[in-house]
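Student: Protein sequence lines, in the order shown, are assigned to chains L and D. Note that this note's numbering has the first sequence beginning at 1, numbered continuously upward. Note that this note's numbering has the second sequence beginning at 1001, numbered continuously upward.
Just so you know, these hints were derived from the structure itself, not from any lab. A portion of the hints provided could be inaccurate.
Within a straight-line C-alpha distance of at most 30 Å, the following computed DSSO-like cross-link-like pairs (lysine-lysine) qualify [stated by the list, open to error]:
hint, chain 1, residue 1, chain 2, residue 2
1, L, 445, D, 1213
2, D, 1447, D, 1213
3, L, 445, D, 1488
Interface residues of chain D toward chain L, partial, derived using beta-carbon atoms under 10 Å [what the hints assert, rightly or not]:
hint, residue
4, 1018
5, 1063
6, 1113
7, 1483
8, 1492
9, 1564
Each residue gets a CB set at the ideal place from its N, CA and C atoms; glycine is no exception.
The chain contents come next:
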Amino acid sequence: MKEYQTITEISGPLVYAEVDEAIGYDEIVEIETAQGETLRGQVLESSEDVVAIQVFEGTSGIDRDASVRFLGETMKMPVTEDLLGRVLDGSGRPIDDGPEIVPEDRQDIVGAAINPYSREYPEEFIETGVSAIDGMNTLVRGQKLPIFSSSGQPHSELAMQIARQASVPEEEEGDDDEDGSEFAVIFGAMGITQEEANEFMEDFERTGALERSVVFMNLADDPAVERTVTPRMVLTTAEYLAFEKDYHVLVILTDMTNYCEALREIGAAREEVPGRRGYPGYMYTDLAQLYERAGRIKGREGSVTQIPILTMPGDDDTHPIPDLTGYITEGQIYVDPDLNSQGLQPPINVLPSLSRLMDDGIGEGLTREDHADVKDQMFAAYAEGEDLRDLVNIVGREALSELDNKYLDFADAFESEFIDQGFDQNRDIEETLSIGWDLLSMLPKDALNRIDEEFIEEYYREDDAEREVVEAAD
Amino acid sequence: MSKADTTDAVSDDGVIQSVSGPVVTARDLDARMNDVVYVGDEGLMGEVIEIEGDLTTVQVYEETSGVGPGEPVENTGEPLSVDLGPGVLDAIYDGVQRPLDVLEGKMGSPYLDRGVDAPGIDLEKEWEFEPSVEVGDEVGRGDVVGIVEETVTIDHKVMVPPDALDEGETTEVTAVESGSFDVTETVVELANGTDVSMHQEWPVREARPSANKKTPRTPLVSGQRILDGLFPIAKGGTAAIPGPFGSGKTVTQHQLAKYADADIIIYVGCGERGNEMTEVIEDFPELEDLANGNPLMARTSLIANTSNMPVAARESCIYTGITIAEYYRDMGYDVALMADSTSRWAEAMREISSRLEEMPGEEGYPAYLAARLAQFYERAGYFENVNGTEGSVSAIGAVSPPGGDFSEPVTQNTLRIVKTFWALDADLAERRHFPSINWNESYSLYKDQLDPWFEDEVADDWAEKRQWAVDVLDEETELQEIVQLVGKDALPDDQQLTLEVARYLREAYLQQNAFHPVDTFCPPEKTYLMLTTIQTFSDEAFDALDAGVPVEEIVDTEAAPRINRIGVQEDYEEYIEELKADITEELRSLY
Chain L
1 MKEYQTITEI SGPLVYAEVD EAIGYDEIVE IETAQGETLR GQVLESSEDV
51 VAIQVFEGTS GIDRDASVRF LGETMKMPVT EDLLGRVLDG SGRPIDDGPE
101 IVPEDRQDIV GAAINPYSRE YPEEFIETGV SAIDGMNTLV RGQKLPIFSS
151 SGQPHSELAM QIARQASVPE EEEGDDDEDG SEFAVIFGAM GITQEEANEF
201 MEDFERTGAL ERSVVFMNLA DDPAVERTVT PRMVLTTAEY LAFEKDYHVL
251 VILTDMTNYC EALREIGAAR EEVPGRRGYP GYMYTDLAQL YERAGRIKGR
301 EGSVTQIPIL TMPGDDDTHP IPDLTGYITE GQIYVDPDLN SQGLQPPINV
351 LPSLSRLMDD GIGEGLTRED HADVKDQMFA AYAEGEDLRD LVNIVGREAL
401 SELDNKYLDF ADAFESEFID QGFDQNRDIE ETLSIGWDLL SMLPKDALNR
451 IDEEFIEEYY REDDAEREVV EAAD
Chain D
1001 MSKADTTDAV SDDGVIQSVS GPVVTARDLD ARMNDVVYVG DEGLMGEVIE
1051 IEGDLTTVQV YEETSGVGPG EPVENTGEPL SVDLGPGVLD AIYDGVQRPL
1101 DVLEGKMGSP YLDRGVDAPG IDLEKEWEFE PSVEVGDEVG RGDVVGIVEE
1151 TVTIDHKVMV PPDALDEGET TEVTAVESGS FDVTETVVEL ANGTDVSMHQ
1201 EWPVREARPS ANKKTPRTPL VSGQRILDGL FPIAKGGTAA IPGPFGSGKT
1251 VTQHQLAKYA DADIIIYVGC GERGNEMTEV IEDFPELEDL ANGNPLMART
1301 SLIANTSNMP VAARESCIYT GITIAEYYRD MGYDVALMAD STSRWAEAMR
1351 EISSRLEEMP GEEGYPAYLA ARLAQFYERA GYFENVNGTE GSVSAIGAVS
1401 PPGGDFSEPV TQNTLRIVKT FWALDADLAE RRHFPSINWN ESYSLYKDQL
1451 DPWFEDEVAD DWAEKRQWAV DVLDEETELQ EIVQLVGKDA LPDDQQLTLE
1501 VARYLREAYL QQNAFHPVDT FCPPEKTYLM LTTIQTFSDE AFDALDAGVP
1551 VEEIVDTEAA PRINRIGVQE DYEEYIEELK ADITEELRSL Y
């Protein structure tokens, strides 16, 4: 391995060095500074005599005399089942004072694309215990469903709640095969504050979730460039556990906005032609290469499900980050500042939220036969109530018809009973649907035009007495 | 360059000078623009996109990690081409026509490895060739010389390659074979020395020749009420479906692929979700073709270049798709091509362009964006083929405008070309009104030329009924603005009734449940009858109102809400007849 002391230019996170041999694109580089510190980087551009290197830890401390070593391989993640229960930094090195990790394999972090022909279509329900998700925007195994939030919203609490409660109903039937299909959570933090990180860690430790988790921490004061590597480390680990060790892996990535900022920083340092709002033109492809690593593969037990969290600058979902994300992921969950200020927990606005894979993951044999109809009707009724709220502000309730008033009551009750369940309550799907029917029974039968008559017959609560009985039974 | 014959390629090799993502620069490579080259020790497939001095720039269709300067670049001397012949249908390809099922076998892994190649059609499989010419017959370019049963649905017509003869020139058939052959074997020999086999190649960036382009006059019936009823597309027409994420572009494209009455469907998944393509791959072999009960895959060819697959292959997948479509058009078939999404294609162009450091046009897109879009859509149309048959290519492109803003360059440049516009609407999607096509913004410029067909095939007053529905919906839009301010009850009775009629139009007619086994496909007859039912209600209700019945009582009747269930009725004729009678009887009993 040759060492060079040929650095010609240092600019932001980039270092340019002259070389006299062929250096592969994406190859890993080590730079040793005069102080004896070793920094790691990656080849961004390679030509015959000069290479551009992106340094993960930042370039401070590097001078013209620093020595550059090319390792001759692309970035790898050491993977093993023993990673479960461990806490790593953003580049995959343990920071929890635990024993050294003995890898079973070292895998390229730039995962190859899954052949669409080899994928298996996701259609198994994941019960998150959150009514707004299970009932209205169901998550399925192998899906990528981001949380669209904004600064100051309790998206972390929601993510923790999902990580804690998520289960696959089948699991409970008791697999004989011990390696069968266990649940694992991989948590990738990019640029979050120490305080947020502590909250996550405390929650992980308090609930015992850590032993089935792997945590990657790149904090706000860690180098920004490292953030571009962290999610790839996370997903390589996830793929290994899912497709080689049969785990059902839930990946939580927070905060994707910080990741994209890092991309922009590198793009700017390279003087690339910027796309919208200064983000690089290849951001769609780059994000797709992360999000598309969710899924299931034919003939493999496990699955990778992703919940990326992003904070929308200015709560604007047309900003490039949420916009491009929405075009790649299979739906989105909106955390709404208005609902949050009303004190709803979790403050999920179901109307703009969507789960694209829901329709194949619910219904008879999966959740319950009336699920799709109930969901459709609740969406329609809540949207109707929401519309009427605007009108009420102008004309008052008295000016509205009896039915309109019922829709208004429905919308209120929907928020207070269905959505606002608290971050600690775990509801199974039966309970979620039962609350749904309580609410729908506030409306007259013939207003339920999206529900099959058969289900109305079976589930509609004819009078208040019956409703109360059901509520008492809960 | 097709992958079928890499052996006889002339090569003048070069050496890699620099690598930046999918863009590789090579020195001393003797190549023409758009030649296919193999890059690096692993032989990654690429295409020449710029030549400057002794430097040649190549876009590589595969991931370039680890590729470095000094590695060889080998030129094939031929442009990017597709393999055409039996076996294209019922197949699933990536953006450069590598069959994904074959790749899976060759790579032995569910991941797409690099440097693995496979021909677009199976070169060894034998097909039963049945000649349709005899020795001594005169044939011209594009003429059919024989037939192969490609799938249960489609007879593949083996044609004289269009570049074998000049326009108008004919030649004599000197030998004809019959029986079982693989696609590379000669089945017909011509006097001018051409050996016709079942396999042809065609460069993807070049349109296949045709004799004449004609005005399309037959609708592409989709079984979707809002499309057939209000905004129809013609066979050979072009359409754009723009919409923000979550508004149902892909579901609409899937519905068209499933139910459109075209002979052949080419579905191009361009830079979209892997799981969506998997859904198509899993569903289509099991779904029945409505026309004949065969599996849908028997008339379908899929091109899947998902968002995480190499960006250069995404750029080429649209061309691969349209070239295959043209090939089947030449056989006299009606082909429908769905491209989901053309925005991803445009972004691939932008990404490559920015790596080339070209001067950007609007929003960073290259200045040639509009020209490329126009070229693509111009390859659609209703054609008279070079062999005298008629065939069509309908192109339906989804557009994904950033932030749902239709003023962005891809949407705008597309709208300048296409004649049908189905505008998807986030508000409608949010209230789960599907398909969430906005009836105020959408349009079809084919309406007038297609009306005669609908009037002959469905009902004499098809156009009249449509106009009635459009008028009611327009009036509703205006009234809704007032309702927003003062509430519905402040409106006069007749306007309240109009709102009620419009509500049935929206909820029963315009909404359609793609996931309901019956409602998912609505034949034009049912679309028409449904509209007449709503009109019956409207007529009777206004008569009642004129006779002094209060609007509340009219709205409160029991028969009318059954309109909402017409969509899910299998025996709709009977149901509708009864319903019309009930509505009439009930409303007349009020006065």
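Student: All hints are to be evaluated individually against the structure, with a verdict given for each.
Tutor: Going down the list of hints, with the structure as the test:
| no. | hint | verdict |
| --- | --- | --- |
| 1 | 445(L) x 1213(D) | violated, 56 Å |
| 2 | 1447(D) x 1213(D) | holds, 19 Å |
| 3 | 445(L) x 1488(D) | holds, 22 Å |
| 4 | 1018 | holds, 3 Å |
| 5 | 1063 | holds, 7 Å |
| 6 | 1113 | holds, 6 Å |
| 7 | 1483 | holds, 8 Å |
| 8 | 1492 | violated, 16 Å |
| 9 | 1564 | holds, 5 Å |
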